[in-house]
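Heads up: the sequence shown begins at 7 in my numbering, then just goes up one per residue.
Derived by calculation from the structure, the hints in this document are not laboratory data. The structure presented is a predicted model; accordingly, all values stated were derived computationally and were not measured.
Simulated pairs of lysine-lysine, DSS-like, Cα-Cα distance not exceeding 30 Å:
no., residue 1, residue 2
1, Lys543, Lys482
2, Lys291, Lys359
3, Lys453, Lys536
4, Lys498, Lys388
5, Lys516, Lys468
6, Lys468, Lys499
7, Lys468, Lys543
Computed beta-carbon distance windows for the label pairs:
no., residue 1, residue 2, range
8, Val494, Ser107, 32 to 40 Å
9, Ala416, Pro502, 20 to 28 Å
10, Leu452, Pro502, 32 to 40 Å
11, Leu25, Gly439, 31 to 39 Å
Beta carbons are placed, not taken as given, at the ideal position from N, Cα and C, and that holds for glycine.
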Amino acid sequence: MRFTNPFLIYLIGGIILFLPVLILGEDVPLPISDQLDSNHVWYKILKDQEAFFRAPWEKIDGYLGSQYRFTYPSPFRLISLLYAVFPVFYALILLKVLIYSVGFASFWAFLNHLSLGKSSQRGLWALIWASLAFYPFAGLGIAGLPILYFIYLYWKAKRYAWACFLLACYVLASDSVIVLIPVVFLLAMVNVAFYLLKIQSLKIPLPLFILFLFLIGVKEYQLIYGLAFQNDFISHRVEFFADGHIGQHYFYAGSLWMLGQLTGVSHLFILPVLSLILFLRGIQKGWDLGYALPFLFASFFLSLMSAAFTFPPLVNWLSSLSPSFGSFNWSRIYQLIPLFILLSLISLWANLKTNSAQTALIILFLIQLGIGNYEWRSLLKKAIGVEAFSYNPSYKEFYDTGSYEEIKQAIPNSYQGYIAHLGIPPAVSSYHGIKTRDGYLPSYDLKDKKAIRSVIHLELEKNEAFRRNFDYWGSKAYLIQSHHPEWVLPFKKPDPSAIPNLPPLKFDWKTLREKENTRYLLSAFPLTNKQLTLLSKFDRPESVWSLHLYQITE
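I would like the entire structure built from these sequences, with the hints used as guidance.
Okay, here's the thing in structure tokens:
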């Protein structure tokens, strides 16, 4: 029986994709980097403090000290609405379901309108697109990229109401910095190309382009205020490219083309490799290549452009125009690469025999699920016993509510200061409503970065790589120590003995205690500094952490 009904494919594929969440609930493993250690908690902070619509010049206290509202995500995002209405775990899962649904529907409609690929395979291709490893906090805009095509069609057909409605929905659903600005950049380049080629009929209408920019501006009024209408705030991002250094943002064209990127959408290397192999075979066999060549060229071009935007002379020139302008990660046009890779593959796949090609697509989806999907990959690793190489904790293990109930009891209610962290992301404490002096934000006050550095500067001098990471990136304003990388979290599972014992750390404890109003340190490492007094250890069996609460006494 041929598997061609798109609704049935959507339903069965969605059940398979979200089966780990449906069965395990909060016991499901979820991605940590740039998700549970940051974005998820930023929205929870806004929810807990009822600060979604707080004025941009007002402060939000309790994470990385006290930061302006405009350093947090815009309230005019669909994600903000989800987090405001639902419990935060369900908001995150609903966001993933929305990404899958929007991705499937928009991609299937796009393929049908262009008659791209065989009609019997379009539902499966939509399933493959929708089940890619989308970064949830930018995934709606990326998964829904085909919507831009229909906005363009409605506008050209003078159906302006529908065009404006879809455009407003797309802007509200997308992350402006990660997705919309790269999209605007790409559309501008497409317009220039059409102008040079004298293809006037395909040019994107200027009023539509201006409306797009206007909606982005309205949505990001908080960020625009912070960048243009105040003088008290200088972002830590101005140091991103100091001294010609380009921080930790090295994006190479080859790796982007082969794998995508964590903060956009990751794809299996199988997809670009298959596309290239079939393209070469198509040339040899005389296939109808259709759109394959322009799509493949676009994916290569975007990869090269993304890499070019990390080229030091170009970065330095952008920084000379404006430090904020130069610190923006213009290479984020890599978000668009997987779309063009998949479109080229679809064009080529149509030349294969229908029955075997359809079976291969189902196998490709299952491979993508087992390797590319974080939840399924984590469970499969556990099933075959390879967790020892990298443990993937569940949502419940990571946030460790049981230990934090005890931690809050161990800190006096009268204490009005902050706590600092070592080895455990400060976001975990903020998740539980504890005020943290350290933290991770995409843009925060440079004064806070310098304050954290004044505490850790002697320790940083012992490791040049860690120093450069902090000085020339520093979005994670953490207490960096020189012996263990902050991006390798010291989980006690599966082997508690793997957590290293750190030698005495050369932190300026007095500055941390007195100047930064921080008298407690929560550490995932056992410490031996004489300036610290161990108050309690929290080592619950259901937790992924073995935590030590210290009081800073000197």
